[in-house]
Amino acid sequence: MIPTLTTERLVLRAPKLSDFDRYAEFRASERARFVGGPNNRAQAWQQFAALAGQWMVRGYGRWIVAHGATDAPLGVVGLHHPEDWPGAELAWSLFAAGEGQGFAEEAAIAAREFAYGSLHWPGVFSLVDPANARSLSLATRLGCQPDGVFQHPVFGDMHIWRHPTARELRTT
Amino acid sequence: MRVTLSDTPILQTERLTIRAPQAGDEDTLIPFLMSERASWVGGGSDCDLGKAWRIFSIVAGHWVIRGFGTFVYCDRASGRPIGSAGPWYPGNWPEKELGWTVWSPEDEGRGFAFEAVRAVRDHVYGELHWNTAVSYIAHGNKRSRALAERLGCWLDEDALPPYPDEPTWIFRHPGPEGSA
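The listed protein sequences derive, respectively, from chains Y and U.
Counting with the working numbering, you get residues 1 to 172 for the letters of the first sequence.
Counting with the working numbering, you get residues 1 to 180 for the letters of the second sequence.
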């Protein structure tokens with residue numbers, strides 16, 4: 001079973017079929033250009049299934065971020081770890097409906113607490129396309145520090161932003 | 001942390017245990033996906049490790065999203081995974097499919113896939129209340145076509161393929177009344 005996290009305004013939960021249309025719209029939109037898109041519906045299905053299945057393959061993964069009151073899907077946040085990644089990444093993508101309200105930050109903090117508190121990871125990083133100003137701004141708000149570049153044959157150069165470690169968060 | 005698919009059915013046949021995918025199946029599945037034999041089903045000798053792992057994630061994630069998905073059939077005595085058989089219904093598929101693979105060439109020709117698909121077909125009709133099923137077979141995959149025919153399927157010229165650009169044999173299965 002995929003664990004569920006609850007924050008003040010949000011629930012981070014397993015993906016479900018009723019989320020798929022919103023997810024496919026996001027993957028087909030210009031918003032997906034920083035995360036390998038835009039993608040057609042067939043590709044979006046594979047991405048959606050893969051994000052659900054990574055939980056079973058790795059024991060951790062990404063959640064659908066849903067509105068706490070309405071359960072409407074707002075985005076995808078969590079621990080993304082394809083085989084050719086430099087490690088497990090704390091990743092976030094907000095659908096248009098979820099933007100500009102601090103939801104990504106609220107969800108990313110919950111996901112980071114899960115990585116540190118439940119999985120006992122010492123640290124985690126995020127990969128950000130340097131042209132993605134909103135995402136860079138969030139990485140900064142989360143206290144991340146730049147830590148080099150990861151070059152991917154498909155996604156190109158992504159900047160590594162290292163989060164404060166579990167120890168650093170405990171002592172601040 | 002170990003995350004498993006929960007409340008998934010287990011089917012038994014004379015020689016096989018048929019269950020949901022689980023961690024550890026990749027030891028057998030991934031070498032298959034990266035072999036030429038998998039070129040009919042989206043893998044092949046040009047499939048790299050990253051893509052093979054991703055396919056395994058998709059197979060598992062289909063269960064999460066749909067509540068059903070393809071099974072892994074295993075040797076009943078030893079538990080050794082042999083192949084996959086079962087329902088497959090991605091968001092862009094025209095209709096629900098029954099698919100199958102045999103992961104190792106040594107297990108071909110022993111009737112395992114036939115045994116597994118028959119049991120899974122009974123399951124999708126009896127438990128999931130499907131009233132029909134197709135199998136999409138890449139044009140030229142004669143072994144798979146032979147199995148479809150042995151399962152009583154016929155070529156359905158009117159059915160739509162998942163990818164119009166890819167030549168596909170579409171086999172229609174006998175319905176719930178005709179498959180027992």
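Derived by calculation from the structure, the hints in this document are not laboratory data.
Predicted model only: the values in this text are computed from it and were never measured.
Some clues are possibly wrong.
What the hints assert, rightly or not - The calculated lysine-lysine pairs, modelled on BS3-like cross-linking and capped at a C-alpha distance of 27 Å, are: (1) U:K142 - U:K51; (2) U:K142 - Y:K16; (3) U:K96 - U:K142; (4) Y:K16 - U:K96; (5) U:K51 - U:K96.
Quick rundown of the hints versus the structure:
no.: 1; hint: U:K142 - U:K51; result: 25 Å, holds
no.: 2; hint: U:K142 - Y:K16; result: 36 Å, violated
no.: 3; hint: U:K96 - U:K142; result: 22 Å, holds
no.: 4; hint: Y:K16 - U:K96; result: 18 Å, holds
no.: 5; hint: U:K51 - U:K96; result: 24 Å, holds
In this structure, the one hint that does not hold is number 2.
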